[in-house]
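Going down the list, the protein sequences come from chains A and B.
Heads up: take any position in the first sequence, counting from 1, add 166, and you land on my numbering.
Heads up: take any position in the second sequence, counting from 1, add 5, and you land on my numbering.
Keep in mind the hints are simulated off the structure, nothing from the lab.
Possibly wrong hints are sitting among the right ones.
[Unchecked claim] Derived Cβ-Cβ restraints for the label pairs, each shown as a range: (1) B:E272 - A:V246: 55 to 61 Å; (2) B:T69 - A:A364: 51 to 57 Å; (3) A:E388 - B:G89: 56 to 62 Å; (4) A:G442 - B:S179: 50 to 56 Å; (5) B:G273 - A:Q376: 49 to 55 Å; (6) B:S303 - A:A268: 44 to 50 Å; (7) A:E279 - B:A153: 34 to 40 Å; (8) B:P178 - A:E426: 37 to 43 Å.
All C-beta atoms in this analysis are idealised placements derived from N, C-alpha and C, irrespective of residue type, glycine included.
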Amino acid sequence: MPSTIATHRHLLDVAGLNWAELSSYITTADAARRILSSPTGRVDALKGVNVTTLFYESSTRTRISFESAAKALGANVNSVAVASSSVGKGESLVDTVKTLRALGSNVIVLRHERAGAPWFAARVFDGSLLNAGDGWHAHPTQALLDLSVLVRHIGAKDGTLKGRRVAIIGDLLHSRVARSNLHTLRAAGAQVQLAGPAALTRGFAALAEQRDGITLCSSLAEALDGADAVMALRIQRERLDGGEVSSFEAYRQEWGIDEERIAAHAARGCVVLHPGPMNEGVEIHPDLADGPRSLTLEQVAEGIPIRMAAIWKALRGDAALSAPAAPNAPASRKANA
Amino acid sequence: MSRPRAERTLLKDHWVVDPASRRAGVATVEVHSGKIARLEWRDGIVEARRTFNEGAEPGQKDPTKMILPALVDLHAHFRQPGAGASEDVASGEAAAAHGGYGAVALMPNSEPAADHPALLRELVRSNSPLGLTLMPIAAATLGRAGVALSPMAELAAAGAVAFSDDGSPIADPSLFRNALISAGALGLPLIEHCEDPALTAGGEAADGLISMSLGLKPWPAAGEISAVVRNIALLREALHDEPRARLHLTHLSTATALDAVRAARAEGLPITCDVTPHHIALTDAWIAGDRRWAWEFSDRRPAELNPTADAFDTNLRVCPPLRNAADAAACRAALRDGTASAIATDHAPHSREKKEVEFGLAANGIAGIETSLSVALAAHAAGELPLSLLVAALTTGPAAVLGRPELARGLTIGGAANLLVVDRAANWTVNRGTLVGRSANTPLLGRKLPGTVLLTLINGEVAWQATMSS
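Let the hints inform the model, and build the full structure from the sequences given.
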């Protein structure tokens, strides 16, 4: 087995992490949630630590939840937004990372439009690098928060997703969320049923063949069959230009999920996820998105504790993250005890 | 720069493989005044007892130090003029000598492109402190822009050994056909990099399991295959107008494209092709961090899909991209059955600035001229390439593609002493310190390779000599 990429220094990927490693993020997120619900909503555990968010792609929920997470742990937060158009022209990624290090960054949270950029950045950074999404490739914290939400709602008695079926529907080709979820869901023991337009599931048939527990289905009904959870992926407007999808309406008719389709095929109590932002009325019906099955807002809220766990574990490894036990107790010492 | 003049060099009892004369065996070679003064086969020549192909394989008790004719490279970039930070003729030549090469054809991808006779003359004149034969391949079209043919006759007179727009395939089919005809009329081959940019634009890694797992933009095999098939069709037609037209396809990487060349050769078309060391020995799984040789993958141990800490090494970004183990096997099979007649390095040095960027933004290319023989020997050690064929693919094969057998006359008494000594049992580690060229953009950094080149002689003079400490 090659060396793992989620060392306790970086979080580059969830691929290769086993269930024990994944569930330790969930456990740490539980502790983080207790901090968030404490009177102050924060601890000083990472006082003096500088966390920088470096985003080469626009993002709302990921960046803000990382920044909230860092603040709730007592870290200082800086934010660098880079217009993607300047990539390759102005300061290179390697120079930017070195500069941030020289300015005292201990943690860089990187969102980049190119697959593999976090690996490259991590090689020139002696702090901790957290991947907040790299191109089509990976979105580790999204997969972790999806896993945390799913375990809470459809988890088996042992806390895993053994025996559960999760459907992922839509544009798999361009989706880092789908790629990372494949790893976490399989490691948690779930069966994964994939489906989407043929041009947007390119390569996934071979991938499914290669790996146990993953099926590429030929229709929405087949993918929804017996599903305990359904994850709809965003369909982007540029897919229309590339001819991968003929129209949003055609997409909705074949691949859009709504209550009727879920009720007809999925398991009772099937829950619905979406990484956002949603095209309501295209990949997901508005009533479903806002209805009782929907966990979409819970996914957003889960972002903060999971990202607290990601930052904490990158810096402190397996040390327990503790909520403030009593007023005036130095949280950072406690946390390291 | 003064070089040690080896008045007399005695190489006693080495394993000698000479494809030009189809002889192999244990021999003693003595070099005197730049020529081979003595060549004595210990047991008589192998030809007498076995075929060359079997006879070239050394036995357990045979010496591990081998003498081979100096190697010939069909495809290298020495970046002069234009990119001296990556390589220049002097550093490229030194790197080539370290790799065991005695003759190197230089692609015209310089800045400006080698499309002007004066530029070629300059390049030929800058030959060459170490005495290697450096042969300019001239641009097929002006500025390699694919709009108008270059002044081919003048370029040929100035020393061009072939024409190519390497890296910028000639998109216009009529222009391509005319290039074949014009080059053919001058008795020179057209060398084509087969790629349809409409299919490959933005491609980061070969379309397949690895690119899909790593989220890298796919470079489909059809991007090579369609160009190969088109070019074969155009060659067939060009021959009606110019029977001397010759087409050489460089760095083919897909099984299907090689099949197309195999069929075209069976049809009798004057077409040849080469494969690179990296396409025969590496796979796209290296991008995920898997570091096995291409022949070490199997159904039981398929490519590792989860990226390791070593993943996304930009030294693996190359065009055409590294492919899966089956395509790499097809490249080796093409060498074995003669479909591919040469191993060409596509030595493409790049400065750090061009590689220390995101994977998809990194310049394409691997600096390979110093490691090609070792990589080929690794394939040999694994039983993947017979030694006779390996040496031919690095000497007589490429010389024949250029129509210049004199580049690989081999080892004959009274002939020029252009040879190398390599110890196939001596490993060396590829790193910044052991590489001689100006750029170290190779994915083999840190890897131990078989086959240390101990000595390269060009006209009897030392172009490369290993220090004894290693």
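Now for the hints, and whether the structure bears them out:
1. B:E272 - A:V246: 55 to 61 Å: About 60 Å separates the Cβ atoms of B:E272 and A:V246, which means 55 to 61 Å holds.
2. B:T69 - A:A364: 51 to 57 Å: Holds, at about 55 Å.
3. A:E388 - B:G89: 56 to 62 Å: 60 Å, holds
4. A:G442 - B:S179: 50 to 56 Å: 51 Å, holds
5. B:G273 - A:Q376: 49 to 55 Å: At 41 Å between Cβs, range violated.
6. B:S303 - A:A268: 44 to 50 Å: Holds: the Cβ-Cβ distance is about 47 Å, inside 44 to 50 Å.
7. A:E279 - B:A153: 34 to 40 Å: 37 Å, holds
8. B:P178 - A:E426: 37 to 43 Å: About 53 Å separates the Cβ atoms of B:P178 and A:E426, which means 37 to 43 Å is violated.
Hint compliance for this structure: hints 5, 8 are not met, and every other hint is.
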